[in-house]
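Dock chain B against the given chain A, drawing on the hints supplied.
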Amino acid sequence: MKSSISLAARVTALTAAVALVAACGAGGRDETEETSEGSTVGITDTSVKIGGHFPLTGVASPGYSEIPTGAQAYYDFVNAAGGINGRQIEYVVRDDAYDPTTTTQVVNELVLQDEVFAVVGGLGTATHSAVVDFLNEEGVPDLFVSSGAIMWGNDPEQYPNTFGWQPDYQVEGKIIGDWVLENRPDAKVGLFLQDDDLGRDSEEAVRQYLDDQIVEVVRYTSGNTDVAPQIAALQAAGADLVLGFNVPSYTALSQLTSMRLNYDPEWFYSSIGSDVNLVGSLLGRFSEGAITGAQSLEGMISLEYIPGVDSTDNPWTQLWQQVWDEHGSGEPLTNYRVYGMSQAYAFVQALQAAGENPTREGIVAAIQDGGMDFEGPQLAPYRYSEESHLGISGASVFQIQNGVPEYLTPVLQTDIGDSPVEEYTGEPATPPENGIPE
Amino acid sequence: MSTSVTKSPSTGITTKWAQLTATPVRRHFVAAVIGLIVIFAVLESVSTFRQSQLTSVAYLAIAAGGLTLLTGINGQLSLGHGAFMAVGAYTAALILRAQDGSWVVPVVLLAATAVSTLVGFVVGVAAARLHGPYLAGATLALAVAVPGLALYFSEYLGGEQGLTIPSPAVPTFLDDAMFFITGNDLSSTKFISYISWTLLVVVFFLLANVSSSRIGRRWRAVRDDEVAAELAGIDLGRARILAFVVSAACAGAAGAVLAMASRIAAPSGFTLVLSLTLLSAVVIGGLGTLAGALIGAALLTYIPPVVTNLGLDLGLSSLQSAELAPLVTGVFTVLVILFAPLGLVGSYRKWRFTRKFARKGEK
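Protein sequences appear in the order of chains A and B. So the working numbering is basically just the index in the first sequence, starting at one, shifted up by 70. So the working numbering is basically just the index in the second sequence, starting at one, shifted up by 260.
Here chain A stands alone, though its shape is the one from the complex:
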């Protein structure tokens, strides 16, 4: 008797519990879709909050950690002048130590916790690939990625919110190939490649021009600091012009190793690996003081797509120097800081183009529609359009002569694919009077 009562009680209790859960539950889903004018996350009447991920600590931090300091100085400069449409730019920089897992965490934090309006200048190919899907799913503008991979801009349908900024590896590779074909037609060319998309995309582009001239191709994986086998292979093949598509530390390593092997070809590095000051200081460190500074890089050829610190006559460099003197940390201005400032300048232009009441959708549309005409420090124009979200379209070849860069060519312009390399004939832009784009 007792057990049957308790059984009944249990059944009743269970039924009641299920009914309770069902009653508490939300039941079916409302099918109404929320419609709105556009997302204004991160925007108030007095501020715009943006963020970026950079390697502030860890192996990739030398050089790269200076980029956000430059950008910060320029935003401070703009804010001191009253901001954009009365809004102060708030710039949140998070450290990912160049580890893609950490990038995911810090970008989650930027988007979900800090609620930034846009991510600007996120650095690195592997690191940024980890978050590019997330940013596009969440509808966050992903502006001016600090990497030369073509994936940021060659397929806007896949990543409608993502925009590249610096010339992609293909553009650089083609300009280099075209220059060598014209100016060193008899050179035996060796390629020194980083074994990732930097090396791969560049090699593909260079081969469009120099397939017959290339006598040897060597690759290194980053992290392995012994490049003697690679350099020896180039030497054995008799290469008298080596094209290096590598990061700055490997410019220093390849220089040191070839000195040790008594190998003295002409070196042509793509822009990513050619920061003279950083390479010079790395050379000093790696050789424990035996080789100092830039003089060892005499004769090196490379590319430049924005005026750097050595072009002291350039009005843009003068502007950056002024900004850095007023709002910098007191350390010297470097090319990485100039990079950050030039990128920040592009963001300010985009924000202005998005109008008085910017939305996430609005700023993406503004760059896509008008970004090609943004005038700034870049030597050749951006390629932003409906079909392409790739950035700067060209660069100029320079050589280190007597310790300073001498330009060997006018600005050369091209695009991905088989478009030709041509001279850019547009007038170089000058910065506005107050240093802030109108």
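All clues given are correct.
Calculated Cβ distances over 10 Å to all of chain B for the following chain A residues:
# : residue
1 : D282
2 : A307
3 : L311
4 : G354
5 : L403
6 : Q422
7 : G496
8 : A499
Derived DEER-like restraints, expressed as beta-carbon distance ranges:
#  : chain 1 : residue 1 : chain 2 : residue 2 : range
9  : A       : G487      : B       : L595      : 52 to 60 Å
10 : B       : Y412      : A       : E227      : 31 to 39 Å
11 : A       : G359      : B       : H391      : 41 to 49 Å
Residues from chain A that face chain B, not an exhaustive set, calculated with beta carbons under 8 Å:
#  : residue
12 : T127
13 : P138
14 : Q175
Simulated from the structure, these hints should not be mistaken for laboratory data. Owing to the predicted nature of the structure, the values given are computational and were not obtained by experimental measurement. We put the CB at the ideal spot given by N, CA and C, even for glycine.
Here is chain B on its own, set in the frame of chain A:
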């Protein structure tokens, strides 16, 4: 006799409770159920960002849980468990890139566990012959070598920039069921958070049972005295290999979750730092305790962002705050080792034990 007749309701509940917690397996089961309820309540009430942070705690804890068994109970030191996470992550990446269906997640988890079990077996056979610093060295080499494989086979494994991973689709029936109960959509982030924490509960339930079973006692015997263990009929090599395989399997499953959460498997995500992070989670929490692994993982996940934000609030620059985080983590680890050499959980248990013992002594 009379007590059973005049049994009051409260003592009835006590007896029920006593019955429920009578054996280790039942105790672990009760703890798992309570854990699941707490997880449900927490994940439903925190923001999406917190959910993603909790996911990191869970996958670190799963890997640290396996490692704490290996190091704390079996006495083998591994500096290379990040490599097994890499194996799991790359397995998950390859499967998720190939297909996407409602049941892809369990398939991914099982496959990642299976592959890392296999790799763990091969490494474990070698590891069983090594001791102390030699074992540490061998596993260290493993941690350095495995990410290199991704560079060598860059055609299949994506090389330096890694394989991006599509986020697994939330099964419709699960989404509808969760919406029915909670009134919230099951977002992709929350879904992965649920996966990671459910997996954590399942793994810890299994590990706790293994640890308190005959297998666990054998492992301890091997750790404490090899000769005595061998005299007692325990096959040393077999016990060591099994411990290694179990912990590698945990790391593999954790790696799969890491891959799903971070949406990428790239060599730079599996550097030596990851392996050392796992080890310090184990050391901070307390060698050999699962609760310690969880606490250690949580601390190592939360300290860096909290310190960074604190630094920013104090007016430091982003760079200075970012540099502060590893410093504070390091100092914290040193302090724990100095003042609580058994780890947080280990030291707490010792303190409770000595207090209990002292009280019994007074009687």
